[in-house]
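Colleague: For reference, the chains in residue letters:
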Amino acid sequence: MKFVDEYRDGELAERLTRRIARLQTRPWTIMEVCGGQTHAIVRFGLDRLLPDGIELVHGPGCPVCVTPIEVIDRALEIAARPDVVLCTFGDMARVPGTHSDLLTCKAEGADVRIVYSPLDAVGIAQAHPEREVVFLAVGFETTAPPTAHAVLQARRLSLSNFSLLVSHVLVPAAMEVILAAPDNRVQGFLAAGHVCAITGYEDYDAVARAHRVPIVVTGFEPVDVLEGVAMCVEQLESGRCEVDNQYRRIVRREGNRAAQAAVEEVFMVTERRWRGIGDLPESGLAVRPAFAQFDAEARFGPVVCSPEAETPCIAGEILRGRARPDACPAFGAECTPESPLGAPMVSSEGACAAYLRYRGSAA
Amino acid sequence: MCLAVPGRIETITGTDPLERRGRVEFGGVRREVQLAFVPEAEAGDWVLVHVGFAIARIDEDEAERVLSALSAVEAAS
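So the sequences go chain by chain: P and Y. Residues in the first sequence are numbered consecutively from 3, following the working numbering. Residues in the second sequence are numbered consecutively from 2, following the working numbering.
Hints are computed from structural coordinates only; laboratory data are not their basis. The structure presented is a predicted model; accordingly, all values stated were derived computationally and were not measured. Here a beta-carbon is modelled for each residue, glycine too, at the ideal position from N, C-alpha and C.
A few chain P residues facing chain Y, derived, Cβ under 8 Å:
| id | residue |
| --- | --- |
| 1 | Pro65 |
| 2 | His151 |
| 3 | Glu351 |
Use the sequences and the hints to build the structure in full.
Modeller: What follows is the structure in structure tokens.
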């Protein structure tokens with residue numbers, strides 16, 4: 003397929019790894035922010051192609067993984083109501099809440115439907131005016147515009163039975179937390195290409211300057227990731243800390259203005275709980291009061307987050323790049339994709355699931 | 002979660018920004034895609050599609066430039 007195959011070219015990948023080896027004079031630790039990139043790195047073994055001194059650590063960029071347990075519990079409560087159709091992306095359906103998950107809830111008779119697009123949920127609401135249709139809106143900046151569009155569409159159709167349970171989160175807040183940690187090891191970032199397709203990368207200038215880290219907006223195919231690493235190492239070796247764009251075929255500096263406008267109209271920036279990480283200011287989106295009729299929290303009551311319970315799962319450490327999945331005692335034993343203790347084992351983009359799938363059991 | 006797939010726009014329907022849609026081909030498979038966020042895209046253009054929405058028009062010239070630069074520089078060095 004065009005725009006995929008040429009970025010999986012083995013020879014080009016090899017040339018890029020040779021370039022990285024030539025550039026590198028000392029060890030560097032680089033974090034790839036997005037779970038999609040983590041998946042590509044583990045699947046294609048890109049980390050094993052890199053010279054020894056270049057360590058890739060996996061970042062928090064898995065929205066499914068950071069969705070707080072209280073949101074999942076609330077989705078389960080709402081789904082259990084007989085008048086409700088609860089719509090979700092497939093990835094969320096198996097993430098464990100306190101006592102259950104959406105797929106189990108569905109098996110027990112709840113009307114839980116896995117949708118491909120938020121607009122599918124609007125279509126269900128239109129077709130079933132007698133039912134309350136609730137869309138569990140998770141995702142980063144990439145997914146927020148489609149969700150916002152669904153609300154605008156629902157308003158145009160004058161639907162009174164469609165609402166969002168919102169858990170959208172924003173990437174720069176998580177990068178700040180990682181960089182601000184006293185034991186931070188991350189010296190450079192590969193920023194998430196599809197997030198930046200929406201937001202652009204003007205906001206990253208301040209992060210790069212304040213923390214003196216290079217940030218390279220990077221794509222998802224092997225050649226993209228390796229070129230992103232090369233660009234990052236180039237900056238590190240020359241002592242620069244700028245924002246650079248590897249993913250130029252997709253990402254413009256200013257981002258996607260039409261998508262930004264939809265998000266701005268429907269959502270406002272708010273504090274959000276990140277599962278395993280904590281409450282981060284200005285790290286997520288909430289429905290604006292003007293659109294309260296489409297807000298499931300206004301309709302069914304607010305989600306209140308309590309302190310996180312003790313768990314053997316070290317997802318928080320993994321999401322912050324402080325531990326690798328195979329360092330977890332539960333990895334592949336107590337915790338598997340079929341019976342996950344934490345969300346990174348569930349989502350196809352979770353680091354734990356990627357390690358288990360491509361690197362077998364405890365490596 | 003942020004998975005997005007490249008596809009080529011075959012036809013476009015609707016002029017209203019909220020309703021702008023197109024038929025997009027992904028390696029032989031065709032789907033209806035929302036084009037509200039790529040007002041500049043035309044039939045024949047490549048777009049990147051995420052959860053049923055085109056989120057970016059793919060800049061084919063830029064892609065070509067980058068790939069040939071990568072091949073040329075690395076081959077010479």
